[in-house]
Amino acid sequence: MSAGRVNGLLRWALLLAALAVLVAFPLARKEDAYHQTVLFLIFLFAVMSGGWNIISGFTGYVSLGQSAFLGIGAYTVALVALQVHVSPLFLVPLGGLAAAASAAVLGAVVMRTRGHSFVIITIAFLFLMQTVALNWRSVTHGSNGITLPLPRWNSDLGNMPFYYVMLGLMVLSVALSAWIRRTKFGMGLIAIREDEDKAAVIGVRTSVYKVLAFVASAVLIGVAGGVYGYFLTFIDPRGMFDILMSVQIVLAALLGGRGTIWGPVLGAFLLVPMNEITNNYFGTSPGERLFVFGLLLGAVVLFLPRGVIPTIRGWIDRFREAKRPAPTPRPSASAAPRTAGPGAAPDLEEGAPLLEIDGLIKRFGGVVAVDQCSLFVRRGSITGLIGPNGSGKTTLFNLVSGMSRADRGTVRLDSRSIDRAPAWHRAYLGIGRTFQITRLFKQMSVLENVVAPLGRFAWAQLGADAVSGPEARRAQELLDFVGMLPLADQPAGQLSFGQQKLVELAQVLMLEPQLILLDEPAGGINPALIQRITDLIRELNQQGVTFVVVEHNMPLVLSLCDPILVLARGRCIAQGSAETIQGDRAVLDAYLGEGWSRVEERLEV
Amino acid sequence: MTRQLIQTVALGLLAGGVYALMASGLTLIFGVMNIVNVAQGAFLILSALFTYELWTRLGLDPILSIAVTTPAMFLLGWVVYRLFVARIRHAPASMSVLLTFALAITLEGAMGLVWKNVYRSVTPRYFASSFQAGSLFFPRAQVFAFLTAIVVLAILYVLLTRTWTGRAIRASSANPQGAQLVGVSIGSVAAMTFAVGVATAGAGGSLLSILYTFFPASHYQWISRLLGIVVLGGMGSLPGAVIGALMLGVAETVTATYISIRWAVVVFYLVILVVLLIRPQGLMGVRLREDVAL
Numbered sequence: 004m005s006a007g008r009v010n011g012l013l014r015w016a017l018l019l020a021a022l023a024v025l026v027a028f029p030l031a032r033k034e035d036a037y038h039q040t041v042l043f044l045i046f047l048f049a050v051m052s053g054g055w056n057i058i059s060g061f062t063g064y065v066s067l068g069q070s071a072f073l074g075i076g077a078y079t080v081a082l083v084a085l086q087v088h089v090s091p092l093f094l095v096p097l098g099g100l101a102a103a104a105s106a107a108v109l110g111a112v113v114m115r116t117r118g119h120s121f122v123i124i125t126i127a128f129l130f131l132m133q134t135v136a137l138n139w140r141s142v143t144h145g146s147n148g149i150t151l152p153l154p155r156w157n158s159d160l161g162n163m164p165f166y167y168v169m170l171g172l173m174v175l176s177v178a179l180s181a182w183i184r185r186t187k188f189g190m191g192l193i194a195i196r197e198d199e200d201k202a203a204v205i206g207v208r209t210s211v212y213k214v215l216a217f218v219a220s221a222v223l224i225g226v227a228g229g230v231y232g233y234f235l236t237f238i239d240p241r242g243m244f245d246i247l248m249s250v251q252i253v254l255a256a257l258l259g260g261r262g263t264i265w266g267p268v269l270g271a272f273l274l275v276p277m278n279e280i281t282n283n284y285f286g287t288s289p290g291e292r293l294f295v296f297g298l299l300l301g302a303v304v305l306f307l308p309r310g311v312i313p314t315i316r317g318w319i320d321r322f323r324e325a326k327r328p329a330p331t332p333r334p335s336a337s338a339a340p341r342t343a344g345p346g347a348a349p350d351l352e353e354g355a356p357l358l359e360i361d362g363l364i365k366r367f368g369g370v371v372a373v374d375q376c377s378l379f380v381r382r383g384s385i386t387g388l389i390g391p392n393g394s395g396k397t398t399l400f401n402l403v404s405g406m407s408r409a410d411r412g413t414v415r416l417d418s419r420s421i422d423r424a425p426a427w428h429r430a431y432l433g434i435g436r437t438f439q440i441t442r443l444f445k446q447m448s449v450l451e452n453v454v455a456p457l458g459r460f461a462w463a464q465l466g467a468d469a470v471s472g473p474e475a476r477r478a479q480e481l482l483d484f485v486g487m488l489p490l491a492d493q494p495a496g497q498l499s500f501g502q503q504k505l506v507e508l509a510q511v512l513m514l515e516p517q518l519i520l521l522d523e524p525a526g527g528i529n530p531a532l533i534q535r536i537t538d539l540i541r542e543l544n545q546q547g548v549t550f551v552v553v554e555h556n557m558p559l560v561l562s563l564c565d566p567i568l569v570l571a572r573g574r575c576i577a578q579g580s581a582e583t584i585q586g587d588r589a590v591l592d593a594y595l596g597e598g599w600s601r602v603e604e605r606l607e608v
Numbered sequence: 241m242t243r244q245l246i247q248t249v250a251l252g253l254l255a256g257g258v259y260a261l262m263a264s265g266l267t268l269i270f271g272v273m274n275i276v277n278v279a280q281g282a283f284l285i286l287s288a289l290f291t292y293e294l295w296t297r298l299g300l301d302p303i304l305s306i307a308v309t310t311p312a313m314f315l316l317g318w319v320v321y322r323l324f325v326a327r328i329r330h331a332p333a334s335m336s337v338l339l340t341f342a343l344a345i346t347l348e349g350a351m352g353l354v355w356k357n358v359y360r361s362v363t364p365r366y367f368a369s370s371f372q373a374g375s376l377f378f379p380r381a382q383v384f385a386f387l388t389a390i391v392v393l394a395i396l397y398v399l400l401t402r403t404w405t406g407r408a409i410r411a412s413s414a415n416p417q418g419a420q421l422v423g424v425s426i427g428s429v430a431a432m433t434f435a436v437g438v439a440t441a442g443a444g445g446s447l448l449s450i451l452y453t454f455f456p457a458s459h460y461q462w463i464s465r466l467l468g469i470v471v472l473g474g475m476g477s478l479p480g481a482v483i484g485a486l487m488l489g490v491a492e493t494v495t496a497t498y499i500s501i502r503w504a505v506v507v508f509y510l511v512i513l514v515v516l517l518i519r520p521q522g523l524m525g526v527r528l529r530e531d532v533a534l
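Residue numbers (the numbering used here), protein chains in the order written: chain A, 4 to 608; chain B, 241 to 534.
Worth flagging that the hints you see were computed from the coordinates, not collected in a lab. Treat the numbers as computed from the prediction; the structure is a model and nothing was measured. Built from N, CA and C at the ideal position, the CB exists for glycine as well. A couple of the hints might just be wrong.
Interface residues of chain A toward chain B, partial, derived using beta-carbon atoms under 10 Å [to be verified]:
1. Ser120
2. Ile124
3. Leu131
4. Ile246
5. Leu247
6. Phe296
7. Leu298
8. Pro308
9. Val311
10. Thr314
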């Protein structure tokens, strides 16, 4: 048996042992109601922080209103329980349903916002829910709250049913997180966290992913809310839609390690006992608790921002790193892998326009970055796009790849307008792009980076293993093609700039694009790698991939590209072969300033 | 009918002027530092409690006490910045908002320990009387507070436009790298901005103390109001904050008069939701390209 397998088995054995202890505890210590309750609260916080971790840890959208779903679940279950004569414990799935539904609605509208806006909206949502619960008295009884019937089971059982249901929820929560983390869905979420625009460009349908993540983060909290409300037998707006609860949810996840699977559980095991200690030693006045939790949250943010688990893992990695020599990349001589795309249709006449841009305008405040730009790119060409700094080349790429929207004008691919298509849809249509400053997902491994792109969207694929099957094999082929296979398991952030450019190219090829936009492929990398990249471009081009290359390295552009388009002040001012461009007066003026053309005979390109 | 509407709108505008002062600090800090200072509401309440102490112990008029609370809060803001906020200047947005949130609840907890969770208000002699113009009534406290807020905002405006520090603050807000290139030390400007932002909460809190009852946990209600205003006006825009404050001041009093005072606060939550969805840059904000900024 390999060391890895032994490790895996050992881990499972430990987990099962821990679970067995938790299952046995109430049976062994029947009279110890206090510790049963403490454990119950630990499970509750593990469930809530686990949920928070999906939207905020994996996806990177911090929610300060996550406790709203606890309230929504609790109120739903309590209100239904008052109508039907079934034990509330059987109704708790309804709490999950209600929380999931409200997360879906809120998510669908809210997920257009980012960063600060999202945090603010989640706070507003929590307070909105609290206000509604306070004021909608006919249903919620306002601040009087709702009293639930006492449990009808044999009093010998005590709180055991609550205990086991919540324990089950915690196991479910961990399983859900672990499953999500392993799937393509989870990898898409991490990609969104690392670089959302980039994720969209490589075909991650970000809006669907984010809403699903929000729903996944809410559903178990809603179920737990139903259980918690019944456990308390009394719910009221201030207790159920409590901002302090949200703080503790965040605190537990941060403490343990956000973005990890076990972080929230560990955090809950740290937080709840601390909570108890605070209550026992400092009294239960809200002032003291707030003071302590405020300080604690601040301290974690300032001094332990990654949390316990990632910090410890970092130490272990550094220890291992020191003992192991770093692998060096070796050039590979493998043949080019099939690229799909274009090809896709050999009957298509070579030379017809593949990309047409018509009257495109993009303003940033008062600056017109792209101004009435019109141009076209022939199928099968390697088209160069040059122009002075600030002439709008990168903005044009952004408009074509869907990262930003034009104020006016049209972009057509294969004579179909793609103006309304979001970035991921353009990726499905076969537009791939690289970036001037590479934008790999730095926390992911090189292989994961290359597997991440998705050529289409399908619900079924969301649940598929992230790195598996034909995609994984193809990613390895592509990495081999660009000569980066030996580095497949390295975190992408540790590669040199030139290596990152090659990996990004492999990443784009995963989409099997028919059109690749390269933003300064040779910028800032050494001559040997430049040669390698141009060879790759030619090779792919021969298989039918069309290229648009933005580049400042003129000898490279002149030898590689035909035709060459020249952009100045957001407009295409010239196009033609290398010779035509070199003699074009407007081009010289744009590059060198007016007046230079008088001495143009001295110019050497 | 019309009289009631005019009266309602007038009261809304009076409240809005005070809101504008309170929101100016929040938007200023966001504009320069890209940090949402969730603790701004807690700073307001802290200043209101200071004002309460000055009034009950020394008999100092709450509006005059601005001369004490503003510098005191400026100092507090500067210390808080140097001790805590400076450390997360370059952290992602999510971490900075968590830190200011931690600050808010720590302050709330501390205030709860010192002043207990008791509702208070400051009631100087003019507290209960009104100016009368025709059939309209203008409570003196509201009018005084409004005028004071306008004066403080004007001073702030002059500081920002006429002094070197003010120009450095605005330059750092518009283009941090550019400002650094022409010799502005971003670090001290950020400290100055944070301190000025908290100082406006000093003045705002003193005014709050005569207009509303307050207790430590009221800061949630206040930060919700301020966020609504700043989001509506455009995060980071000072004129936007003023316009947003006046609009929401009116919207709140109209809701309170014609629907129910219990639903008035919902106006702010709904504004936050709707504005961020439909026009995330707010009324006066502009969208800039983000790919070149660091």
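Practice prompt. Provide an ascending list of the numbers of those earlier hints which the structure does not satisfy.
Written response: 9, 10
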